[in-house]
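Could you put the whole structure together from the sequences, leaning on the hints where they help?
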Amino acid sequence: MVFPLEAVPNFSEGRDRATIDAIGAALSRHARLLDVHADPDHNRSVFTLAGQEQELVEALVAGIDRARRLVDLREHEGAHPRVGAADVVPVVGVRPEDMDRARAAALELARRVGEDLALSVFLYGEERGPAFFRRGGTAELQRRIDAGELAPDFGPSRLDPSAGAVLVGARRPLIAFNVNLRTDDLEVARAIAAVVRESGGGFPGVRALGFALPSRGIVQVSMNIEDPERVTLRDVVARVWAEAAARGVEPAESELVGLMPAASASDDLGLAELDESRLLEPRLLEAGS
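Numbering (this note's numbering) for the sequence shown: 1273 to 1561.
In case anyone wonders, no lab produced these hints; they're calculated from the structure. Among the hints, erroneous ones may be present.
Said to hold, decoys possible - Have a look at the derived ranges for each label pair, beta carbon to beta carbon:
1. R1506 x A1290: 33 to 41 angstroms
2. D1507 x A1463: 12 to 20 angstroms
3. S1429 x G1520: 48 to 56 angstroms
4. G1560 x G1489: 23 to 31 angstroms
5. D1547 x A1376: 27 to 35 angstroms
6. A1510 x G1489: 20 to 28 angstroms
Don't be surprised by glycine CBs; every beta carbon is placed ideally from N, CA and C.
Right, here's the structure in full:
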C-alpha cells in the first residue's frame, strides 16, 4: 500500500450548512473525506481529506471550483483573516519520505487552479506563510500585486472579485488547536496569544491569535503548533491556562480543528473527548486500506 497523503483545505464559509455540504460533496467525489470542522464565528470550515496524489488534486480542484461559485468574499464577515473563498489549501506529507509527493501534488494543484479555474494562486512555505499574503485582506493583496511587490505563481494578476486568491502549499502535519476562555474580553485572548507564539518569544513553531466568539460570549486563543515533534501540545495548553489564571480567567472547553498526530494525544488538553477517530495516522491507514 502506498501511504495516503492528507489535504486540509480551509474555505471561507462556516455558517451556511448548504454551502458547507456542497463543498464537502464536491471534495468527497474524488478523495476520502475524514473530517469537517465548521465555525460560525470564524465563518470558516476546515476539511480533512486523504488520498493519493491525483485523487487529492481532483478533489481539491472540484472543491475550490464549488467554493468560488458559492462564496462571495464581498459579502463575507468573520473573525478569521482570509484572502480567498478557498483561502489556504495545504497538501500534507505525514511521513518525511512523503514530502516529495506532497510538493508535487501541491504544484500540480496550483497549476490546475490557475489554468483551469482562472484564479490567482500563490505558493506559500516556511519563509512566506499564509499570514504574509493575508495581511490587509484582498484589497491590500491586489495593491501589492499592482505595485509589483508580489505576483501570483499561477493564474491572473487580477484577483477574482468574489473568490479572491488561493494559497497553496505542502507541509508536514501541524496541530490546529483552540483554547476557549470564559470571558468576553478580547484583549485577554490577544495578550495570551502574544505570549505563547514564537514571534513574541514563546514556543518555537507556534502561531497564535486571539479571537472573539460573539455567538458564545467568550474569546479564544487560536493556535497552530507547526512542529508537534518539537513542542508538545500539552505544554502549550498548560501555558495558555496559566496565563489565563494569572489574569483571573477560567478556561472553557478546548477545540481540535481536524485531526492530530497520535503522539500528541493527551487527556489534559481540555477536550470534551478525544478518541481514535480524531487521530491522524489511524484514519489515514483506514482510508488507504
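> Of the hints stated earlier, which fail here?
Replying inline: 4
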